[in-house]
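There are 2 protein chains.
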Amino acid sequence: MSLYNFPMKAHVYVTLKRTVLDAQGQTIANSLRRLHHPAVTDVRQGKYFVLTLEDSLAHDAAKSEVERIASEVLTNPVIEEFTYTLEN
Amino acid sequence: MSLYNFPMKAHVYVTLKRTVLDAQGQTIANSLRRLHHPAVTDVRQGKYFVLTLEDSLAHDAAKSEVERIASEVLTNPVIEEFTYTLEN
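Here the protein sequences line up with chains A and Z, keeping their order.
Quick note: the first sequence uses the numbering used here, first residue 2, plus one each step.
Quick note: the second sequence uses the numbering used here, first residue 2, plus one each step.
Take the hints with a grain of salt, since some may be wrong.
Identical chains share a label here; the pair holds if one copy fits it or two copies do between them.
Below are the EDC-like pairs computed for lysine to aspartate or glutamate, each with C-alpha atoms no more than 16 Å apart in a straight line [unchecked claim]:
1) Lys10 to Asp61
2) Lys10 to Asp43
3) Lys48 to Asp23
4) Lys48 to Glu82
5) Lys18 to Glu88
6) Lys48 to Glu81
7) Lys18 to Glu55
Hint data in this document are derived by calculation from the structure and do not stem from the laboratory.
Here chain A stands alone, though its shape is the one from the complex:
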């Protein structure tokens, strides 16, 4: 890896589905109200992953690999959904 060859990174965002109660997020929203931040009407909490990928991986291969990892390993498909971005 040369100095000018930054590794490819994938950012994966996993959140509870809209229909699933987010108790932790509601607790944070309530705390914010008590802490005098009334402008926040709702909070949803999720997980955020930064995956560093091998340099040799082509963009398309990286995309399908990240999708597979996100859907099979990082997300519980019963209650969660994910989005991701690839950064090169």
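Starting from the known structure of chain A, fit chain Z onto it as the hints suggest.
What follows is chain Z alone, placed relative to chain A:
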């Protein structure tokens, strides 16, 4: 709130500082190798928050409010750092 007036949302991403060991991320990276995803060389895990803000809030006020909430409530400044985006 009319149908055409979507509430403003802030996306806050909290991650461990680069210098802090991310044991959970390393565990995920090891699991991925065992699960035959060798293209992933590193994983960092963080938290992701979606804050829904009051409609009446101006963009600048929203920005400073989100920065205050992220730095004072959502982030432990000793070991974590945050970034955020505002979406209207």
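Okay, the hints, checked on the actual structure:
Taking CA atoms no more than 16 Å apart as the test, Lys10 paired with Asp61 passes inside one copy only; the shortest distance there is 13 Å, against 31 Å between copies. For the homomeric pair Lys10 and Asp43, the shortest alpha-carbon distance between copies (9 Å) is at most 16 Å, but the shortest distance inside one copy (30 Å) is not. Taking the shortest alpha-carbon separations for Lys48 and Asp23, both the intra-copy value of 13 Å and the inter-copy value of 14 Å come in at or below 16 Å. Taking the shortest Cα distances, Lys48 and Glu82 sit within 16 Å of each other both inside one copy (11 Å) and across copies (15 Å).
For the homomeric pair Lys18 and Glu88, neither the shortest alpha-carbon distance inside one copy (25 Å) nor that between copies (19 Å) is at most 16 Å. Within a single copy, Lys48 and Glu81 get their C-alpha atoms as close as 10 Å, and across copies as close as 15 Å, so both meet the 16 Å cut-off. Proximity of Lys18 to Glu55 under the C-alpha cut-off of 16 Å is found in neither arrangement, the shortest distances being 31 Å within a copy and 22 Å between copies.
Checked against the numbered hints given earlier, this structure breaks hints 5 and 7; the rest are met.
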